[in-house]
Structure formats: structure tokens, C-alpha cells
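K.L.:
These are the residues of each chain, in order.
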Amino acid sequence: MYETNFHKVATAQEAAALLNTSEDGKILAGGQTLIPTMKQRLANPTDVIDLSGAADLSGITIAGDQITIGAMTPHAEVAGHAGLAALCPSICKLAANIGDPAVRHRGTIGGSLANNDPAADYPAAALALNARIHTTSREIAADDFFEGMFTTALEEDEIITAVSFTAPAKGGYGKFPNPASRYAMAGVFVAKSAEGSVRVAVTGASEDGVYRHDALEAALSTDWSASAVDGVEISSDGLLSDLHGNAEYRANLIKVMAKRALG
Amino acid sequence: MKITMTVNGKSVSRDVAGNTLLVDYIRDHLRLTGTHVGCDTSQCGACVVHLDGKAMKSCTMLAASAEGASVTTVEGLATSKDDLHPMQIAFKENHGLQCGFCTPGMIMTATDMVARYQAAGKTLTEDDIRHELEGNICRCTGYHNIVKSISDGASKMTSA
Numbered sequence: 001m002y003e004t005n006f007h008k009v010a011t012a013q014e015a016a017a018l019l020n021t022s023e024d025g026k027i028l029a030g031g032q033t034l035i036p037t038m039k040q041r042l043a044n045p046t047d048v049i050d051l052s053g054a055a056d057l058s059g060i061t062i063a064g065d066q067i068t069i070g071a072m073t074p075h076a077e078v079a080g081h082a083g084l085a086a087l088c089p090s091i092c093k094l095a096a097n098i099g100d101p102a103v104r105h106r107g108t109i110g111g112s113l114a115n116n117d118p119a120a121d122y123p124a125a126a127l128a129l130n131a132r133i134h135t136t137s138r139e140i141a142a143d144d145f146f147e148g149m150f151t152t153a154l155e156e157d158e159i160i161t162a163v164s165f166t167a168p169a170k171g172g173y174g175k176f177p178n179p180a181s182r183y184a185m186a187g188v189f190v191a192k193s194a195e196g197s198v199r200v201a202v203t204g205a206s207e208d209g210v211y212r213h214d215a216l217e218a219a220l221s222t223d224w225s226a227s228a229v230d231g232v233e234i235s236s237d238g239l240l241s242d243l244h245g246n247a248e249y250r251a252n253l254i255k256v257m258a259k260r261a262l263g
Numbered sequence: 001m002k003i004t005m006t007v008n009g010k011s012v013s014r015d016v017a018g019n020t021l022l023v024d025y026i027r028d029h030l031r032l033t034g035t036h037v038g039c040d041t042s043q044c045g046a047c048v049v050h051l052d053g054k055a056m057k058s059c060t061m062l063a064a065s066a067e068g069a070s071v072t073t074v075e076g077l078a079t080s081k082d083d084l085h086p087m088q089i090a091f092k093e094n095h096g097l098q099c100g101f102c103t104p105g106m107i108m109t110a111t112d113m114v115a116r117y118q119a120a121g122k123t124l125t126e127d128d129i130r131h132e133l134e135g136n137i138c139r140c141t142g143y144h145n146i147v148k149s150i151s152d153g154a155s156k157m158t159s160a
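Chains as they are written, first to last, in the working numbering: chain A, 1 to 263; chain B, 1 to 160.
Derived by calculation from the structure, the hints in this document are not laboratory data.
Straight-line distance between alpha carbons at most 30 Å, and here's what the computed DSSO-like set of lysine-lysine pairs gives:
no., chain 1, residue 1, chain 2, residue 2
1, A, Lys-26, B, Lys-2
2, B, Lys-92, B, Lys-54
3, A, Lys-39, B, Lys-54
4, A, Lys-93, A, Lys-192
5, B, Lys-148, A, Lys-93
Please model the entire structure based on the sequences and the hints provided.
P.N.:
Next up, the structure:
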């Protein structure tokens with residue numbers, strides 16, 4: 001690992017100020033992606049700004065059907081939160097299947113969203129649940145946040161502080177994990193709001209990262225069932241082809257995972 | 001930079017570089033070599049320690065991030081070689097290791113797993129154990145005796 005200047009901060013604002021003044025600073029959330037990347041010398045930040053001491057960024061608050069998850073909340077806490085499980089069990093299930101137990105104790109929702117790995121789980125949940133991403137300077141709708149593989153709407157000195165969403169009437173997540181990495185080969189999050197609108201987000205499969213699947217949304221809007229998925233043509237255009245599977249294979253996985261999400 | 005944390009119940013302070021990994025701090029600075037480095041890619045779990053009571057991969061954390069924290073390594077489980085932790089006894093009695101390289105991480109993962117299940121009032125089944133070991137790799141045993149050891153260790157921890 002290259003040398004770096006380490007800073008531990010108490011607030012997100014303090015971190016944003018440091019990001020502004022450092023030459024090439026990086027925010028360290030749970031570090032479950034950043035640290036391995038630095039170890040491989042694929043990242044070489046001049047400064048590492050650690051948010052683990054910012055207590056106000058961690059925790060889950062529930063007010064009626066409004067759910068807010070602090071950016072530094074680890075996956076294990078999301079997975080095991082009883083109040084959240086009562087309102088939105090699908091996100092608990094999603095969090096319980098990220099990585100392994102040790103990774104879930106350290107990795108955070110804010111880190112996952114900011115990194116926007118094309119095979120990460122949380123981006124699918126945020127997009128399907130129509131979440132709002134709160135940052136040190138504004139609030140961004142999930143539809144505007146994810147801009148393609150490892151790319152988000154975040155400015156250079158902007159830090160995620162929390163993510164909030166309304167509990168869906170119905171929701172589910174189906175994931176086919178890569179057996180070695182546990183990242184999604186395809187993951188499909190389906191959500192139906194109390195007003196009846198349906199959103200379907202797909203991760204792991206596209207060359208452009210997480211995206212909404214219009215055809216699945218249309219089919220599930222009229223019939224919220226696994227059998228409704230059968231009639232949907234899943235295009236392989238723009239899907240990833242790599243050593244783990246080609247685009248046609250991933251297109252089929254999307255269909256199967258959508259059905260599991262509903263099942 | 002100077003960092004201070006509690007390791008196995010004792011307060012320790014050392015000067016470290018900002019890019020020092022927690023596992024290197026534990027092994028090279030504190031000379032506690034029970035915690036191992038197996039893969040360098042966060043997959044094998046040989047480096048698992050408890051940070052404020054939770055299992056984490058010490059190869060995937062900076063030492064400076066653990067400032068003020070309480071760290072338990074495998075050396076911190078037993079008070080002496082004649083007074084092993086119930087999970088260590090279970091691994092010994094059930095032949096839960098061959099070469100032993102992954103064992104410190106297996107035992108730290110196992111004690112964390114049992115503590116979590118017991119705190120939640122849940123029974124730890126064989127399926128649960130196999131699922132929970134997702135982040136720990138053993139290249140010798142085929143896992144059967146490790147799973148048996150953890151199951152036995154869980155009973156011993158309940159009765160201890």
C-alpha cells in the first residue's frame with residue numbers, strides 16, 4: 001500500500017472540509033472495498049479521511065412508514081434491525097447476504113452507495129425503493145444518483161450522510177451471488193408502493209451498473225406475481241459478458257431472480 | 001502517528017504509519033502472531049479478530065481506524081495453556097484442524113457466531129454454521145470437523 005495521510009473525523013462536515021483541502025483525498029467508510037483497492041495499489045489517495053468516529057452518521061430511525069438509515073450503518077445492523085424487518089424485510093434480507101459476517105460488521109450502506117459497484121446489492125434497493133440520498137450539501141433522488149459503473153452524482157467534496165425511503169407495501173430481492181466473491185451476478189429488487197406504483201431495479205448484470213427494468217415494471221404493475229414475469233422479454237443488450245457468464249446468461253438470470261424476488 | 005487501543009485487555013500505544021494495516025500492527029508491532037494473513041484479498045478469514053466485540057477482518061482495516069477500540073485476538077481467549085476457551089477445547093477434541101493456519105480465524109469467527117446466536121436466543125444449526133463460515137477458508141479439512149467443533153464449542157459455551 002502506498003503511503004497516505006490518515007485523518008479520523010467526528011462529523012461529515014469536517015470530512016468534507018478535509019476533502020476540499022487535500023490533494024486527492026478519499027473517504028473511508030467501512031473500507032471493505034477501499035482498503036483492498038489500496039492494498040493492490042489500484043488506489044493511491046494522498047489522504048484517507050475515516051468516518052468511523054462520526055457517531056451521528058450511524059443508526060436506523062423509523063417514523064411511521066419513513067425509514068432513514070445513517071450512511072455509516074453497517075450491513076449487520078440493517079440485517080438484524082427488528083423495526084426495519086417489520087416494515088421492509090427485503091432490505092434486511094439483502095443486507096444479510098452481502099459478503100460474509102466479518103464484512104457485514106464493517107461495511108456500510110453509505111460506502112456501498114458511494115462506490116456504486118456494478119455488482120453491489122444496495123444500489124438495487126435504493127433505486128427500487130425510490131430512496132433519497134442525503135449528503136453534506138443536498139438531497140439526491142436515487143433516479144438521479146446512479147450514473148453508471150462506479151459513477152454517481154456526488155461532487156468531489158460531497159459525502160453521503162444518510163439514505164431515506166418510504167416503506168413499500170410489497171418488496172423483495174432475488175440475488176444470484178458469484179460463488180467466489182458473493183457479489184451479484186444478477187440481483188433484482190422489486191418494490192410496490194402503498195399507492196401501487198411498481199419499481200424494479202437490476203444490479204450485477206449491466207455494463208452501466210444498476211438500472212430500472214421498464215418491461216418488468218410494466219408487467220408487475222398489472223399483475224404483481226412471479227407468473228407475470230414469464231411473459232416478459234428480457235433483452236441482453238448492454239448486459240455484461242465476462243468470464244463468469246455472457247449477456248444471454250445474465251438476461252436469463254434477471255428473469256429467474258425477478259421471480260425469486262416475488263416468490 | 002501515535003495510536004492507542006486496548007488489545008486483549010491491556011492498553012497499548014505505538015507509533016504507526018497511516019497506511020499500517022491492523023493485522024500488521026497486531027503481528028509486527030505487538031508481536032501477537034496468532035492472527036494470520038492468508039490471502040490478502042479479504043476472502044480467507046485467517047486474520048479475523050474481534051473489534052469492540054464483533055468479528056472483523058484485520059487485513060481489511062487500518063490500524064489507525066481502531067484508535068480507542070478494544071481488540072481481542074486469539075491470544076486473548078485463554079488465560080493460560082491449561083485454561084483454554086471452550087471453543088479452543090472443542091477444536092482440540094473434535095480434530096477441528098490439520099495444518100492449523102486458518103484456525104485462529106476460525107475460532108474468532110466461531111466465538112463471534114455463537115455469541116450472536118446466543119444473544120438473539122437462536123439455535124445454531126449445522127446449516128447456520130456452514131453459512132456463517134462463508135468468510136473463512138480452510139484448505140485442509142473439508143470443513144466437516146470444523147463444523148463439528150463449532151457445534152460442540154457452542155454447547156460448551158452455553159454450559160460454561
